[in-house]
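Chains as they are written, first to last, in this note's numbering: chain X, 110 to 430; chain D, 110 to 430; chain P, 152 to 480; chain R, 152 to 480.
Mixed in with the good hints there might be a few duds.
To be verified - Pair by pair, the computed Cβ-Cβ distance ranges are: (1) P:I412 x D:R128: 55 to 61 Å; (2) X:T153 x R:R334: 20 to 26 Å; (3) D:N150 x X:P297: 55 to 61 Å; (4) D:E157 x P:R376: 43 to 49 Å; (5) P:I412 x D:E154: 42 to 48 Å; (6) R:R334 x P:E178: 52 to 58 Å; (7) X:T153 x R:E445: 49 to 55 Å; (8) P:E340 x X:E157: 36 to 42 Å; (9) X:T153 x R:G397: 35 to 41 Å.
As the list claims (entries may be wrong) - Result set (DSSO-like, lysine-lysine): computed pairs, CA atoms no more than 30 Å apart in a straight line: (10) D:K420 x X:K349; (11) X:K420 x D:K350; (12) X:K350 x D:K420; (13) P:K448 x X:K158.
Keep in mind the hints are simulated off the structure, nothing from the lab. For every residue, glycine included, the Cβ atom is placed at its ideal position computed from N, Cα and C.
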Amino acid sequence: MAQTVFVEAINQALVEEMRRDESVYIMGEDIRRAVYGATANLLTEFGEKRVLDTPLSENGFFGAAIGSSLVGMRPVVETLTSFMWVAMDQIISQAAKMRYMFGGQATLPVTFRATMYYGGGSAAHHSDRSYPMFMNMPGLKIIVPSNPADMKGLLKQSIRDNDPCIVFEDGTLFGMRGEVPDNQDAIPFGKARVVREGTDATIVAIAGAVGHAERAADELSNEGVSVEIIDPRTLVPLDKKAILDSVEKTGRLIIADPAHKVCSAASEIASIVAQEGFWSLQAPIQKVAAEQVHIPYTPSLESLVYPNPEKIKAAVRTTLE
Amino acid sequence: MAQTVFVEAINQALVEEMRRDESVYIMGEDIRRAVYGATANLLTEFGEKRVLDTPLSENGFFGAAIGSSLVGMRPVVETLTSFMWVAMDQIISQAAKMRYMFGGQATLPVTFRATMYYGGGSAAHHSDRSYPMFMNMPGLKIIVPSNPADMKGLLKQSIRDNDPCIVFEDGTLFGMRGEVPDNQDAIPFGKARVVREGTDATIVAIAGAVGHAERAADELSNEGVSVEIIDPRTLVPLDKKAILDSVEKTGRLIIADPAHKVCSAASEIASIVAQEGFWSLQAPIQKVAAEQVHIPYTPSLESLVYPNPEKIKAAVRTTLE
Amino acid sequence: MEISKETLMLMLRRMWTIRHFEEKVMEMHSAGEFAGGAHPYIGEEAVAVGACLALESTDYIAGNHRSHGHPLAKGGSVNGAMAELYGRVGGYCKGKGGSMHLADFSIGILGESGIVASSVPVATGAALASHIRGEDFVSMVFFGDGASNQGACHESMNLAALWKLPVIFLCENNQFAVTTSYRNSVAVEHISDRASAYNMPGVLVDGQDCIAMYEATTEAVRRARAGEGPTLIEGLTFRYEEHSLGLGRVRRGEYRTQEEIDAWRKRDPLVIHTERLISQGIATQEECDAVSAEVLKEVEGSVEFARNSPFPGPEALFEDMWADEIPAP
Amino acid sequence: MEISKETLMLMLRRMWTIRHFEEKVMEMHSAGEFAGGAHPYIGEEAVAVGACLALESTDYIAGNHRSHGHPLAKGGSVNGAMAELYGRVGGYCKGKGGSMHLADFSIGILGESGIVASSVPVATGAALASHIRGEDFVSMVFFGDGASNQGACHESMNLAALWKLPVIFLCENNQFAVTTSYRNSVAVEHISDRASAYNMPGVLVDGQDCIAMYEATTEAVRRARAGEGPTLIEGLTFRYEEHSLGLGRVRRGEYRTQEEIDAWRKRDPLVIHTERLISQGIATQEECDAVSAEVLKEVEGSVEFARNSPFPGPEALFEDMWADEIPAP
Ligand SMILES: Cc1ncc(C[n+]2csc(CCOP(=O)(O)OP(=O)(O)O)c2C)c(N)n1
Ligand SMILES: Cc1ncc(C[n+]2csc(CCOP(=O)(O)OP(=O)(O)O)c2C)c(N)n1
Ligand SMILES: [Mg+2]
Ligand SMILES: [Mg+2]
């Protein structure tokens with residue numbers, strides 16, 4: 110098993126899938142020179158027709174990717190979450206809706222790799238974590254890897270999957286090292302990972318918040334509190350059963366989510382448990398999600414916005430009161 | 110008190126606010142000839158400079174409205190929810206973010222009137238009910254009137270309010286008649302309306318679902334079940350207290366919401382009550398929201414998608430089991 | 152340009168198909184047989200028919216809300232179109248799409264889009280696939296004068312021109328977007344003039360003349376297949392009816408004059424084409440009438456077909472969401 | 152065109168302000184005094200300065216991610232700009248905006264936008280307000296060659312041309328969008344050629360020549376105030392540095408040659424302007440040097456100012472969200 114950096118795991122998945130299937134190609138801005146890191150060396154191996162640098166026209170080229178997927182290509186589009194606003198119509202009106210609207214005729218094996226920059230002074234225009242919005246819209250599979258192995262396996266699955274997938278790549282993890290099995294294959298969607306087992310409380314943690322939850326759990330274990338951590342890995346489909354089973358065991362639920370807290374994935378998970386796991390609950394559900402403000406540039410304020418180990422610990426303690 | 114049709118209430122609010130304040134102007138597609146009904150007679154009274162027919166360029170003219178609001182105008186933009194995808198960047202990157210990002214310098218008194226067509230065979234591209242997505246993004250006030258009086262009062266408040274407001278006008282209510290007080294003034298945001306009082310269960314109902322909840326409550330009252338109905342009227346800000354107080358009284362919560370159910374306003378309200386009103390709850394929270402599919406054209410399927418009195422009644426009964 | 156009698160007669164047939172279909176749709180919509188919006192293509196038949204007949208069956212088209220003419224011009228089934236408007240399982244999209252979302256992927260109809268200009272990037276993408284794979288199919292997208300003002304058009308045209316994609320941007324300039332004249336929405340005189348902003352040919356064509364449309368599109372197809380890139384074609388035309396069924400009721404005030412409408416009706420594409428066939432000795436009046444009558448029967452049959460096709464049952468609600476199934480939440 | 156000595160010297164001063172400011176920013180960013188991205192304007196100073204000096208203080212500007220030059224060209228405070236980059240309360244936006252979101256509404260700087268082309272519609276809207284109210288202020292928006300391919304530009308230019316809005320579209324063509332040459336992203340030869348698609352004047356200007364920029368913009372401002380509508384100005388220029396601070400580290404492969412960079416550096420806007428002032432006897436070398444020295448002091452002072460300005464405290468987190476306050480959820 111190799112120690113692999115998160116961004117390299119992305120690169121490996123791209124290379125392997127492009128080798129595996131000629132219909133896979135990638136497009137985005139400045140990807141040939143790998144400005145955002147993940148597309149290094151692709152141009153040399155796969156050439157200009159399969160590694161497309163685009164003009165600054167997200168709605169146009171997202172749509173072109175979608176259109177090409179309709180006739181048999183498997184495009185992988187690189188972008189930042191914040192640039193998806195410009196391309197929203199193509200993502201929603203076309204990628205998400207087309208198959209159902211056309212009675213199942215359209216198959217859209219398109220993958221959007223949307224990097225979430227946040228936490229490093231990127232300010233309001235470059236710090237979106239928008240997966241909850243896309244969860245509200247039927248028709249998109251939503252992937253939120255929290256470590257290099259999952260990143261690689263889930264990106265491979267996204268590329269092979271025949272539906273539109275948005276892979277939200279957590280920028281705070283780009284430098285993270287982790288073990289990636291040598292033959293890491295595609296990881297099926299909808300299977301949560303039990304990050305650690307525990308008995309006193311369940312933390313469902315999403316993307317970059319998984320690491321924070323682990324640190325919180327480490328510290329709590331010193332206080333004798335045993336925390337179970339569940340990483341859903343994909344939000345659409347969502348492994349409800351894993352979450353409900355865990356809450357049945359622990360009776361307590363904390364959700365750690367780096368996205369804005371209103372109408373969030375955390376809200377959704379809370380609402381599912383409040384409906385379907387209600388009788389297991391022994392304490393109020395705690396959401397630990399981003400404060401409902403835009404992302405301030407200055408570190409003195411930005412550091413207050415997101416879930417962190419302290420906030421998660423405090424929330425776990427609240428459920429145990 | 111006059112009986113007023115919903116769409117006329119919109120028209121009255123526009124006329125009265127345009128008379129009251131010269132900086133109010135309206136823009137949209139084919140509004141001079143009032144194709145969607147609400148802007149009848151405005152051109153005659155207010156002239157071409159304050160009643161602007163735009164080209165089909167939503168991102169461009171939404172942005173123009175936003176820019177004009179920065180320098181003292183109060184634009185009211187007419188659109189359908191489904192056309193907002195095209196203009197998403199201006200709504201999110203500019204309207205929602207600008208004030209905070211610029212440290213409070215920008216003031217954006219812009220109102221978007223977004224009609225939600227659904228329920229009448231408009232199919233997937235014209236049936237969006239997208240308020241939950243906008244709730245996730247800080248910086249937008251979200252208005253969901255359920256009757257002509259609220260429509261008029263809340264639209265007036267939106268126009269006077271100094272922040273960007275999106276008024277989601279429920280198309281299923283456009284022909285609804287209701288009493289509108291002769292001098293209906295602006296209605297403050299964040300004050301829920303107790304539609305009816307009751308003791309056995311609370312239904313929080315949104316926009317067009319309020320009427321369905323009332324019908325369900327009527328029928329349930331014949332069975333001796335006393336239902337309280339709360340209409341939040343605005344989702345940002347949300348009157349949490351009204352909801353929590355009601356649940357404290359009844360111990361049971363059902364949320365009826367015509368938007369897609371995942372990461373919905375219903376999810377958000379459920380998550381709030383599961384956190385802050387947990388100890389009041391005597392039964393699982395029931396979400397009755399739109400099924401997570403696109404809106405099919407054919408009536409035989411579309412009729413299955415949304416909350417209706419039967420589904421709401423069944424959910425209330427479940428909480429009473 | 153030499154055009155075979157077969158093609159010329161097919162033009163007539165397809166135009167009559169659209170005309171009779173649309174008239175039947177208006178009749179049945181008024182009769183309350185189905186609801187929802189529908190945007191008649193009457194008066195504009197020559198544009199889609201001339202353009203589509205320049206394509207092979209392996210080429211792709213995509214379109215917009217004014218949606219019935221495009222698939223019928225490409226040879227889509229009349230029964231399937233009518234059944235779709237009736238919301239029945241026999242429709243192109245099993246009743247899930249309705250009037251604005253006709254699509255038949257099996258014959259290259261990638262679908263009509265209700266969001267104005269939204270299918271322009273998609274069609275560009277089909278052409279991109281052809282380019283990447285080194286195949287020689289082309290892609291054509293229909294959009295209106297109003298749509299030409301959307302950013303999606305600008306971005307797609309620029310992309311297509313840069314990459315020399317085999318795509319044809321076919322602007323149906325029927326001069327109005329709902330009630331808005333293109334003279335109040337397009338800042339330049341002709342929409343085809345905008346081609347110069349992308350260094351591609353822009354061609355203004357009489358949209359009432361099916362042969363002119365066919366010829367212009369044939370040249371664009373040739374360019375596309377030869378790797379010379381995209382073409383912008385503007386077919387200048389006129390819609391006879393109101394923007395959409397039902398919408399006439401709410402509109403206040405006139406936005407075009409009766410004289411204007413009458414003048415354009417005189418330039419009816421079916422009349423122009425029929426007269427030419429007869430005057431050039433290609434077909435007789437009787438032959439032409441027979442085409443119309445045959446097609447009318449087919450259209451009438453489609454109403455029966457649609458009525459007899461069942462509505463989708465509740466089990467269909469969650470079907471067709473995913474190619475790789477996941478549980479409904 | 153007659154330009155006063157005062158204006159000519161102010162050009163020099165503002166250009167030096169930007170140059171010294173940017174160099175200091177690069178120095179302090181390398182020293183780790185603040186984080187976040189920053190996009191140096193070095194080499195392009197003549198574009199913003201020439202353009203902004205053609206405006207009145209009551210006119211508006213908006214800009215993009217390459218954001219420091221625009222406000223400084225319009226006379227924005229150096230202290231405020233530096234403190235913003237340091238994330239301090241003394242910054243334009245109290246530290247909430249940072250490098251990409253400089254704004255000073257009090258002197259008509261409606262703000263820089265990190266989303267490419269996103270401020271183009273906004274600036275068009277400020278011009279719309281002028282038009283509706285019958286006032287005579289104008290609005291100018293800076294955007295890049297890359298940005299010109301966004302739909303937002305197309306839509307805004309069309310709108311502005313239709314309504315004859317007093318807006319100036321100022322394209323800073325520095326020939327690259329990150330690593331992408333405009334020759335691979337713009338399908339037409341000059342971006343200014345696209346003006347013809349909107350029936351407005353398109354002017355190609357030497358962006359290294361502050362006076363040329365000033366003259367072209369002055370004419371565009373005249374047109375705008377006279378109700379003649381918008382103008383598209385393309386200032387052809389070059390950025391000396393990498394796209395943004397920090398980004399040079401990750402880029403693989405060269406996208407422009409050293410010769411190209413050297414050639415453009417020889418056409419330095421400060422050198423061109425200074426030489427002209429001296430050769431035309433308007434100012435002496437000493438006067439020019441003094442301007443640079445004065446400004447350098449001001450810039451150095453701004454670092455002190457920024458360092459001494461406090462970080463916002465936690466109470467600021469929820470401030471500035473709303474003009475009409477509502478409770479945080
Ligand atoms: C993005 C978007 N904005 C607005 C509409 C509403 N709408 C539907 S058709 C139409 C007019 C379209 O005009 P044009 O493109 O000229 O096509 P035509 O109807 O004339 O064939 C409008 C405004 C829409 N469907 N999508
Ligand atoms: C919509 C959007 N897409 C992509 C980016 C990432 N990005 C930031 S600047 C830039 C290049 C912009 O080029 P240009 O408009 O020429 O301006 P320049 O940087 O050359 O001044 C890119 C791709 C962005 N900020 N916004
Ligand atoms: Mg039209
Ligand atoms: Mg550039």
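**OP:** Hint by hint, work out which the structure violates, then give me just those numbers in ascending order.
**Re:** 1, 5, 9 and 13
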